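Residue numbers (UniProt numbering), protein chains in the order written: chain L, 1 to 1319; chain F, 1 to 201.
These are computed hints drawn from the structure, not numbers from a lab.
Everything numeric in this text was worked out from a predicted model, so none of it was measured.
Each residue gets a CB set at the ideal place from its N, CA and C atoms; glycine is no exception.
Watch out, some of these pointers could steer you wrong.
As the list claims (entries may be wrong) - One-sided excerpt, in silico: chain F residues whose CB lies under 10 Å from chain L: (1) 101; (2) 138; (3) 192; (4) 193.
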Amino acid sequence: MDEYPEGSLDNSIPFLLTFGTRTTEASDSSSVSALSHALKDEAILIRSELEPLESDQARAVLRYIKDRDASTLPCSARDSVPRRYRFRVRSAERSILLPPRRARLPEGYEPPSPTQPLVLHSPYSPLSPISTLYPDGLIDPNWLRKHQDFIPSVLLCFYSLVADPTLSTLCDNQIKTDINNIRALLSQSGYKTRLAVVLLSEHGSSSHSSSDGVQERVEIIRRGCGLDSKALFLVPAGGSQEELERVAENMLTTLYAVAIDYYRDLGRHSRKKRSRGIAPQPTVPPTSGTSQTLSLAGWNVRYDFKTAVFAEYRLEMDVALRSYELAYENLLSSELMELIPSWSPRWNEGRLLADIIAVRCLRCLLWNGQHSAAARRWQFHRERLADLVDRRARGTSNYSWEAWEARWAVVMADLMDRAGIPELSPPSTRLYLPPEKSAMGERLQPWELLHHKGYWYRLAATHVQARRAFARAIPDDHRRSPGDSPATLVAKSAFAYDTYMCPEPYEEYPLRRPGVDHGRMIIDLLMRARAEFLERNQIRLAAEVALDCARELALAEDWHNVVELLRPLWKDLPFRSEGWTAIAESLTWGLRAAAAQIDDAELVILADWALLSRDFAKRPNWHYDISKSLEDVEVSSKPSVSIRDGQFQSFISASFLFESEEGRAGQSVRSQLSITSNAQPESAPVVLGSVYLSFHGCLDGVILRHQKNEQSAPTRGKTTLATVPLTRQADGDPYPEKSAEDGGGLTLIGSADLTLRPGQTLVFNMEIPLREPGETRADTLTLHVGCDDFDLRETITLQERGSKNSWHISPSRTKLLAHPHPLAVRVLPRPPKMEIRCPVWKEQYYTDEPIELEFDIENGEDVEALAKLDVVLFGEKPPSFTVSVPGQEDHVSSNVRSEETRLFAAPMGTIASSQSLPIRLRLPPIDRPSGYDLTLKVIYFLPTNPGTPISQNAVFQLNVVNPFEANYELLPRLHPDPWPSLFDPDNVVIPPLGGDNENPPNPQGLSQTWCLVTRYASFAAEPLRVTDVDIVIHPSPLASYSFTKRTDLPASGAGRLVPPQTIQEAAFDLVAKKATIDDRSHAPLDVSLILRWARTDAGADKDGQEPPTPEKINTTTLPIPRFSIFGTEPRVLATVSHHHQRHRRGRYHRSQPGSGSDEDYNPNPELEEDSDDGDDDGNAPFVTLTITIENASTHFLTFGLAMEPSELFAFSGPKQTTISLLPVSRRSVRYRLLAVGDGSDGSGGDAGGVGAGKKKDGAKKEDGEDLGGEEEEEEEGIWVRPALVVRDKYFQKVLRVIGASEGVRAGKEGLEVWLPRLG
Amino acid sequence: MATTIPSIACLGVIGRNNNPLHTSIFPSYDPATNSFRPVRTPLQFSLILSSTLDVFELRARQNAAAGVGLTGDFGLLHAVDDRLAAYGFETNTGTRFVVIVDMRGRRVDGAAAAAAAQTGAAEGSSSKRVAHAATGLREGEMRPVFKAMQAAYIQLMQNPFFEPDEHSPPTGQGGKRITSKKFAEEMRRIGEGWTPGVVNL
C-alpha cells in the first residue's frame, strides 16, 4: 500500500489544525514541506502576530486534543468506544502555509486578450496549465492530500486571557486584532476553513466576580471578531483535569459538527458542478501533445470521486461507496479508459485512479462489515483490470501484472489491518469470516469468505514468485540499461513493457547488477504470512510457508537463516512420524544442504542419518554413506552427535525378546536382539561400533562390540543369526554410556559382527544370567557409530509389539513367542534343592493292611540344612499316622479337621549336603477304600542364609482300595438227624428258674443244614497270597450254629497265590439248630467272611511254599448279607444218592469225602416205604431220589405226590401217593431212577418223537412232551427232569421241590436230577 | 468464450494419527496450454493436505467448546488461495476426508457458458479470464463427495483382509497407506465424477 502515492489511500478524516501553541515537534514545517515545490512559492501564509502559548494549561489542552487524533484508529464502524467526533489533528505554532487557491499562469505566457481575463483554476485541476494533469488528466492524488494535510476544516486558535487587570484590555485588543487578521487572511485565500478560538483563562475559577469579568471580556472579544458563539471556547484556569477534559470534549464535539458542515459544503459544491453537465474549459487551451482536454465523462469521474471523498470525511460510507462505484464504472467505461492508449502516461494514471477508487471502495465495505462483499470486490477489481489490461494493454503474462497482483493482495491485507477486524484476530481462532447475511445462500467462491491476512500475504508471495519467473524470462537485450544498448533496441523495447508501478525491465532484472530483490520481497511476505499462521496455531501451514521461505533463503544463500527456520520444524513437527514422507524429505534435504554450507556438522550427520531411510525417494548420485557425510563440511573438532529416542524416525529398528516368561535366579535365560536396517538399498553398510542394551533389574546392560568376522555367521536372505557368548565386564573397561551412578550392576560384554547392510536384520542370541529375583526388563538400545570424523549415538527405546514377537530359530524361520511381555523376564527365587522321594511308592494300598511309607529326604544344596517336616494327610476321615525320623522320637499326627490330619514341624535335624535322610510314615490299617492326599513339606534353613526359610513340597496320592470282593450263595441241605418229636415230652423245654442263664441249655429245636458257597475275587493290582478263608457266624439267641469249611487252600498255611480278577470259591457246611422246638419263627443268619492274606513280596518265591509270617498276614472281613432260615412253611427237599461211584468223579469236585456222607444215609425211621431197595443191583447206575417233606408248622398237612413216567429214565417208587404229616415232622418218599436208552439216542433229533410217544402215558400233564426235548445230556450222564409234583391237598397248592444235595438242581422248569448213563 | 467451473483437484484420506492414508490428484484445466494437468505438484498437495490438519484441530476445539459439529462435516476448512479451497469431513473414528477443490478446474464452453458470460469482455481476445459469473459453491455442496468417500471407506473396512490397526495403530504413531486398488479406483471415480450441483455420486 506504501507504493501508492502518499496520502492517496489514507483515511479521510476531518482535519483540525491547532494554532498558537508551542509544539514540540516541528509539525509546522513538515506540513509545509509536503507542499510541492512549485506550489510553495505561491502558498498562502497565515500568520499570527502573537507569541505562541507555552503555559501548562495550553499544553494540557493540546495534549488532550492530540491524544484524540483518529488518523491511526481502525477504520471500522464497530468501535469499542463510540466516538462523538473524529479528527485528524495537526498543530502549528504561529504560521501555516496553505496551497494556493488559484494556479498561476505558466511563465512567459501572454494572455491572448487582456480584456478577457483568464479564469484561473486550482493548481490540482487539469484546467491549470501548471498542473501535471493538464490538459486531460483525471485526478491528481495530491488533491487528496490537499484536503487531508493542507487545508484544515477547522483552524483552532489558542489565546491566553491575561489575568492581570492592567494588561487585560491591551491583550484582549491584541487578540481581537490577531483573530481579525487571521480571518481576513483566510477569506483572502478562498478556503472556507472555519475559524475557532480557544481562550485559556489565567483567572482562577474560584472568585465569582472575576469569572463575571472574564465572561464579559470573552463576550467583548467575540463581538469584536464577529465570531459565532459556537466558535469561541473558554478554558478556565486552575481547573482540575476532569474539568479540562470536559471542556475539551465539549469543544471537540462542537467543532466536529462544524467540520462535518464544512465537508458537506464541499461535497455539495462537487455535486453542483457535476449536475451542470458541462466540461469546463481550461485556463489556456492546450497547445502541445494531442491537445485533447478532459471529456465530460472524465469530469464526472472527478466530481463523483470528490463527492465520495467528502462523504467519506463525513463518515457517510454508503454515500461514499455509491459515488466511488459510480466513478469506478465511469472510469473503466468505454468512454474513458478504453479510449486512453496504453502507451500514454494517462493510462497508468487511470489505472492508479482505478486502484485508488477500488481500495477506497474496499475500505467502505470493510467499514460496514461487508467482508464477503469486500473480498468479492477485491476479486472483481482484479478481474476487471486483468480483462482491461489483456485487451487494451500489454497483457497479464508479464512481471508487471504479477507485481500488481502481489501488490493488490498486500493491499487487501493492509486494509484488513487498518480495519482491525476483531472477528479475525488470533484469539478468535477463526481462519475466515462467514459471509454476511446479505451474501448468505449465494454461490460464493471460498475465497470470498474473507480469510485472515496470512493467506493474503501468502497469495502476494506467490505472485511475487511469478513476477520473478517473468523477470527471469526477460531477454538480455532488454536487461541492458538504455545507455549501454543501441538506440534502436531502446526504441524497440520502449513500449514493450508495462511499467505500471514497477521498474523498467533493465531495472527489474538488470544484466550486470542486482535489480529488484524479488527474493527479499518473497521472504518478507512469507514471514509476515508465517507470523499470522503461527499466531493462529496453524503450525503445519506455517511450516509449509517456512519451507517456501527456506527455499528463497537458499536461493539467496542465506544459509544461517535457512537452518534457523527449518531446524525447529525438522525437530518438532511430526511430518516424519505421521507419515508425510514427501514433506519430511524435502525438509531434510533442504536442511542438509544449508547445514553443509554453514558447517554445522552435527546437523549434517543427523540429516544424513535420517535420509538413509528407504522411506524417502532415492536421490540419484548421492553417496548414501554415513561415513562420507562430513566430506564437504569443515569441522573444528570431532563432532559427537547423540539422538534421543523419538527425535526422529530412524532407519534402524530394534527389538528384543526374552524367550521365556520367567526364569530362576541363578539360571540364565535365552534372549534375542534383532537390529533391522531399512536403509536405501544402494547405501553403504553401516558399521555399528558397538551397541549397548540397557536393562532394568538384575543386570545393567549388555555391550556388543563390533568385531569383523570373516567367516560370516549363518546368513540367509536378509537375516544374519549369530550366537554371542557374553562375559562379565572386566574392571577398568567401562563403557562410556554407562553412567557412573549405578555402580555394582552387572554389565556383560560380547563381540559380534555389527556391519549392517541395507535391508539386513542382525539377530543375536544371548544367554543372559539372572541373579536376583524380581523383574528384569530391557529398556533401550544405544547404537554407536564411530568413525574417524564423528561419533554418533542413537538411543532406541525397545517396545513391545503385541502379538508380533517372532523369535528367529534360523535365519529363515521364525516362531511366535506366546508371552505378552517379551521385553521382561520374571526372575523367580532360587529353587529349593531339597528332594523328597519315595523309593517304593505303590499304586495301591489295601484296606485292612497297615501301611508303612518310606521317604528319602535328600539334601541337594551345597551346604548342610536344618530341616523340619510338615506332613498333611487330606481326605475323608484320614487316620492318624506316625512319622519316625532316625535319631528323633516318633511323632504322631493330630487331627485338625475331619478331613485333615497333620503333623506340624517335626524336627529332622541337620541333613548334611548331598545326604539323604530316610523317614518312615506309618498308617494303621484302614478299613474302607478311600483316597488321601499326602503332602510332605520340608522347610529348611541354610547356614549361609539363616533368615530365609526354603521349602520344598511333594504331594503323593494315597489310594486305599479293597483287595477282595465276594458273593455268596446259601444252599439248603437235608439235615441227617431226625427231627425231635413234638409229642415227646423230653423235648419240652422247661425254662430254668433263676440263676443259670449264662449257660443256655442245649438246643432242643429243629435242625437244618445249609451249604454256604462263597466266591471271592481279588481286585488288587497284583497277586495276593490268601492263606485262609473262614467265616464267623454271629450268635443268635434263637438258634445255635455250627459249621465246617471246605476249601482247597493248602493246609500248610502257605496259602495260595490269587492272581487279580480271578474267582476263588470256598464252601461252608452250616448246621443250625433252634433252641426249642416250640420256636417256629424265622431265625437270622449273620455271617462274615474272613480272608487272611498277605502281599507277595517281590523277593519271595512265587510258589509261596513258605507260610508268610503272622505279622504280614492281613485279615479282611467281608460282611455277608443276612440270611433268614427256618420258618413254618413246609419244604420239599430232594436229595439223591448214587450207587455208581464211577460217575461221580470229577464232576463234583467240590464234594469232599465228608460231604458225601449222605449217600447212604438212612432216611427217617418213619419212612419205612421202600426202605431197602436193591442197592446191590450189580452195576446198574441207580440213583435214589429221596423226596423229604418237612412240616415245621403245627398243622396236620396232607400232600399228594405224583411222578410221571418218562422215556428217558425208569423209576421205581410210587407213581402217585399221599403223604400226611403230623405237626413238626417230616417224611420221605424214595424213588430209584435209572437212565434208559443210549445217551446219543436220548439227545438228538428223535428225542422229541420218543417223548411224544410217551405222551399218552402221562397225558394228564400238559407240558410233559416238552420234557423230553429239554433233557440235557452230559458226557457221563444226563440231567433229567422228573415230572414230580407235590401238592398240598388242602390248599391245592403245588410245592416247589428244592434240591438239597449234589446231583439235584433247580432248573428252569423245576427240579432236575443228574442220572449217570447206563452202561 | 469459455468459462470455468469448480472441479476436484485432490482427494485425501487422513488417518486418526494424522497420517496420510490416501491421496488422489486430479488434473485441472490449464487455459495457457488448453490442456489438463494438476495445478500443484504431489509435494504441494501433500503440504496442503497436511495443513488442513491445523484447521481440523482448530475446528475440533471450537466444536467441542460449542458442542456442535456432530455430523463430522467441517465444510470449508480454508481457501488455500483464490483458486484452491479445502473442504473436510471427519468420521467418528477420527478418519478425515479432505477434498481440495479447484475453483477453476473445468472449462465450460458454448451455450452453458454464454448464459453466464454476459459481461462486456466478449472480444474473444482471451479465453483465459474467468467470467465474473463464475460459479461459486454453496454450503453443503461437498456433502455428496464425503458421503461417497465414506461409503468407499466403509467398503474398504469391510474387507476382512484390511486391518485398520495397521493403518492407524492404536499406539498413535503413523500407519500404513491404503493400497487397495479398488479404493483408489473409487476415489478416482468420485473425483472425476463430481461437478457443482451433483447430489449423488
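We went through each hint and held it up to the structure:
With 10 Å as the threshold, the beta carbon of residue 101/F comes within range of chain L, its nearest partner Cβ sitting at about 7 Å, so the hint holds. With its C-beta approaching chain L no nearer than about 6 Å, residue 138/F sits inside the 10 Å limit, and its interface hint holds. Interface hint status for residue 192/F: violated, as the beta-carbon distance to the closest one in chain L is roughly 21 Å, over 10 Å. Because the smallest distance between the Cβ of residue 193/F and any Cβ of chain L comes to about 20 Å, over 10 Å, the interface hint for this residue is violated.
In this structure, the hints that do not hold are numbers 3, 4, in rising order.
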